[in-house]
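Asker: With my numbering, letter number 130 in the sequence shown gets 130, and the count goes up by one each step, no holes.
Please note that the accuracy of each hint is not assured.
What the hints assert, rightly or not - The calculated lysine-lysine pairs, modelled on BS3-like cross-linking and capped at a C-alpha distance of 27 angstroms, are:
1) Lys162 - Lys186
2) Lys73 - Lys33
3) Lys185 - Lys117
4) Lys129 - Lys186
5) Lys33 - Lys162
6) Lys117 - Lys176
7) Lys162 - Lys117
8) Lys129 - Lys73
9) Lys162 - Lys129
10) Lys176 - Lys162
11) Lys73 - Lys117
12) Lys117 - Lys129
13) Lys73 - Lys176
14) Lys87 - Lys185
15) Lys87 - Lys129
16) Lys162 - Lys73
17) Lys117 - Lys33
Claimed, not checked - Ranges of calculated distance between the beta carbons of each label pair, as one might list FRET restraints:
18) Ser120 - Gln144: 31 to 37 angstroms
19) Trp69 - Thr106: 14 to 20 angstroms
20) Asp102 - Asp198: 16 to 22 angstroms
For the record, the hints were derived by calculation from the structure and aren't laboratory data. By construction, the Cβ of each residue, glycine as well, lies at the ideal position given by its N, Cα and C atoms.
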Amino acid sequence: MPQPYLSRTLLALSLAITIISCSKETPAPVDKKTQIVNSFAMQLDGQNWEPGTIGTGPCSRTFNAAWSWIDGKPFFNISAYSDPSGKTGAESENALQIQVMDVQATGNYVLGGSYLKSFSSNAVFWTRKPDGSRARYINVETSQPFRVVFEQFTDRPNTTLKGVSGYFYGTLHNEKNPSDSVTIKKGEFVFHRTNWYDFSQCE
1 MPQPYLSRTL
11 LALSLAITII
21 SCSKETPAPV
31 DKKTQIVNSF
41 AMQLDGQNWE
51 PGTIGTGPCS
61 RTFNAAWSWI
71 DGKPFFNISA
81 YSDPSGKTGA
91 ESENALQIQV
101 MDVQATGNYV
111 LGGSYLKSFS
121 SNAVFWTRKP
131 DGSRARYINV
141 ETSQPFRVVF
151 EQFTDRPNTT
161 LKGVSGYFYG
171 TLHNEKNPSD
181 SVTIKKGEFV
191 FHRTNWYDFS
201 QCE
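Please build the complete structure, drawing on both the sequences and the hints.
Answerer: Structure follows, in structure tokens:
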């Protein structure tokens, strides 16, 4: 066998062995595991009420929360949507929105304001009735006011926004017919990921 041909053959064989060896030694990339860091649950008139889902994964649920400030004082907003078509915002068939002003510390906050005022502690639930009409239920001054209890604030890495956990409960009355009401119990929330609007509950 001619020497040049032998040299080329040995070189090709050496390169092949090197490539195979490297492919065996290089580990396959490992997907970073995500963790659910937010949760929301409540009962509406004794029945479990759950936010909607987006896609098939466990992370995308149609609820979120955000911190904001006015005059240096923090306030907290929670929004949750349940719609068979996956709609959110004002188009959602069922939704709960809560705003709590001046959240300076853990404790019990009574919602005595109105959704008609931009910076006012309030709760609003709206739904579509069987006849197709929409009803809005709001907090009013009664013997059973709507309450939000902040149990814990948690420092979060790389942000000044606090994680928060707590619960809420109370009765909301039909804006046009106060004798019609809905009762919310066992409302619970945990938010470690706030001020994002993609409805991802994972990190």
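Asker: So, against the hints stated earlier in the document, which numbers end up violated here?
Answerer: As far as the earlier hints go, 2, 8, 9, 10, 13, 17, 18, 20 are violated by this structure, in ascending order.
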